[in-house]
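Undergrad: Heads up, the numbering used here is the position in the sequence shown plus 584, with the first residue counted as 1.
Among the hints, a few may not be true.
Unchecked claim - Derived CB-CB ranges, DEER-like:
1. THR854 with SER819: 29 to 37 Å
2. ARG837 with ALA900: 32 to 40 Å
3. PRO733 with VAL886: 50 to 58 Å
4. PRO794 with VAL892: 43 to 51 Å
5. PRO794 with HIS675: 28 to 36 Å
6. THR949 with PRO653: 44 to 52 Å
7. PRO858 with ALA900: 32 to 40 Å
8. SER678 with ARG626: 18 to 26 Å
Keep in mind the hints are simulated off the structure, nothing from the lab. Quick reminder that beta carbons are idealized off the backbone N, C-alpha and C, glycines included.
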Amino acid sequence: MKWLFLLSLLALGWTYFGYPLAMLALALYRPRRVRGAPWEPRVDIVIVAHNAADTLPARLANLAALDYPADQLRFHVASDGSEDRTAAILHEWSDPRLRAHVFALRRGKSACLADMVALLDADVVVFADVRQRIEPAALRALVRMLAEPGVGAVGAELAFERSTSSYGDGADFYWRYETFIRSQEAISGSVVGVSGALYAARRTLLPAIPPGLILDDVWIPLQIAATGARIAFCSEARAWDRPPGDAATEAARKRRTLAGNFQLIAREPTLLLPWTHPLGWRLWGHKWLRLLAPWCMLTLLVSNLALVGHSPTWTALALAQLAFYGAALAALARASLLRLMPVRVIATFVRMNGYAMLGLYDFLTGRAAATWSVTRHSNP
585 MKWLFLLSLL
595 ALGWTYFGYP
605 LAMLALALYR
615 PRRVRGAPWE
625 PRVDIVIVAH
635 NAADTLPARL
645 ANLAALDYPA
655 DQLRFHVASD
665 GSEDRTAAIL
675 HEWSDPRLRA
685 HVFALRRGKS
695 ACLADMVALL
705 DADVVVFADV
715 RQRIEPAALR
725 ALVRMLAEPG
735 VGAVGAELAF
745 ERSTSSYGDG
755 ADFYWRYETF
765 IRSQEAISGS
775 VVGVSGALYA
785 ARRTLLPAIP
795 PGLILDDVWI
805 PLQIAATGAR
815 IAFCSEARAW
825 DRPPGDAATE
835 AARKRRTLAG
845 NFQLIAREPT
855 LLLPWTHPLG
865 WRLWGHKWLR
875 LLAPWCMLTL
885 LVSNLALVGH
895 SPTWTALALA
905 QLAFYGAALA
915 ALARASLLRL
925 MPVRVIATFV
935 RMNGYAMLGL
945 YDFLTGRAAA
955 TWSVTRHSNP
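Working from the sequences, and respecting the hints, build out all of it.
TA: Shown next as structure tokens:
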């Protein structure tokens, strides 16, 4: 039991503290910063939308406002089996740079991306979502980093608007932690995934995208990295989103994302062997150990409870763990407790690991599909 406790504690410590610190150390002592250079290649932006009539006009206006030469930019927007006015809006929009792709049957994002990307001929392909707002200078910032030889893809920073809910604050805290890790990975080499809200890639390095993918924003960069190209991160390119306003919305997003990680492993089991991919060790530090973390937490608690009474130290550690989970449960029962920063951090940590367990359940039972549910915000 002591060994189970210590090994679980070591695994959790490395996952959430050791790996980020290792990336920080590499970034400080062996930096490989991407400098970039001015570049204005032809760019195709691709977006897949489903029942997005309420957000699509704002998204199209946002794309039109990007600071980039108009004759070098095109927008490709797909309607994935939409049942509202999404297709009509695409046909009615007057911008000549817009290319509408209307698919009558809903097949999922990756299937639509595969069809669109196969038709593109621009030097750079930018992937974006229909929900977020892109800063005007973001596209130039992404392209500037892609100008450096050896860089195959560049991820943008996903930032969150100020939240009016405690759940949103918790998600924002978690994303700042995630962004820190990605920035250190990028400085020291490559990131292992990008945000689907906004990222750019060299078209010639894009793989054939299989249908049914949940996490195209992880699978595509990994395929590009397998060619030896770097996956960079650009904090000067931002896409703005609103954090989830309630637990149900947050849970749906995270469970689907984590189920997507299990799908990646099922599709390519060799990714579990760190020597088979240029980013294999980073995948373990950033992705795979997090899937094991909730089980390590369970082992840590059970082994600790079994050791209660052996010494005052083991009893104190068990009480501390029970208090930790008690705070998370109390926050679940009374959301007002999330206003306290320590409680919010604990509750977010426990929720995220709970989603990893539920994500595995969703994947095994087939509940996590390639199609997605449209996220609705009650506060515009």
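Undergrad: Take a look at whether the Cβ-Cβ distance between ARG837 and ALA900 falls inside 32 to 40 Å.
TA: The hint (32 to 40 Å, Cβ to Cβ) holds, given that ARG837 and ALA900 are roughly 37 Å apart.
Undergrad: Measuring from beta carbon to beta carbon, are THR854 and SER819 in 29 to 37 Å?
TA: Check passed, 32 Å falls within 29 to 37 Å.
Undergrad: Between the beta carbons of THR949 and PRO653, is the distance compatible with 44 to 52 Å?
TA: Given a distance of about 49 Å, which is inside 44 to 52 Å, the answer is holds.
Undergrad: Quick one: are SER678 and ARG626 within 18 to 26 Å, going by C-beta?
TA: About 22 Å separates the Cβ atoms of SER678 and ARG626, which means 18 to 26 Å holds.
Undergrad: Taking 28 to 36 Å as the stated bounds, is the beta-carbon spacing between PRO794 and HIS675 within them?
TA: holds (29 Å)
Undergrad: Can the suggested window of 43 to 51 Å be confirmed for the beta-carbon pair PRO794 and VAL892?
TA: The hinted range 43 to 51 Å holds for PRO794 and VAL892, with Cβ atoms some 50 Å apart.
Undergrad: Using the C-beta atoms of PRO858 and ALA900, is the stated range 32 to 40 Å upheld?
TA: holds (37 Å)
Undergrad: I want to verify a distance hint. Is the separation of the beta carbons of PRO733 and VAL886 within 50 to 58 Å?
TA: With Cβ atoms ~52 Å apart, the hint holds.
Violated hints are absent here; each numbered hint is respected by the structure.
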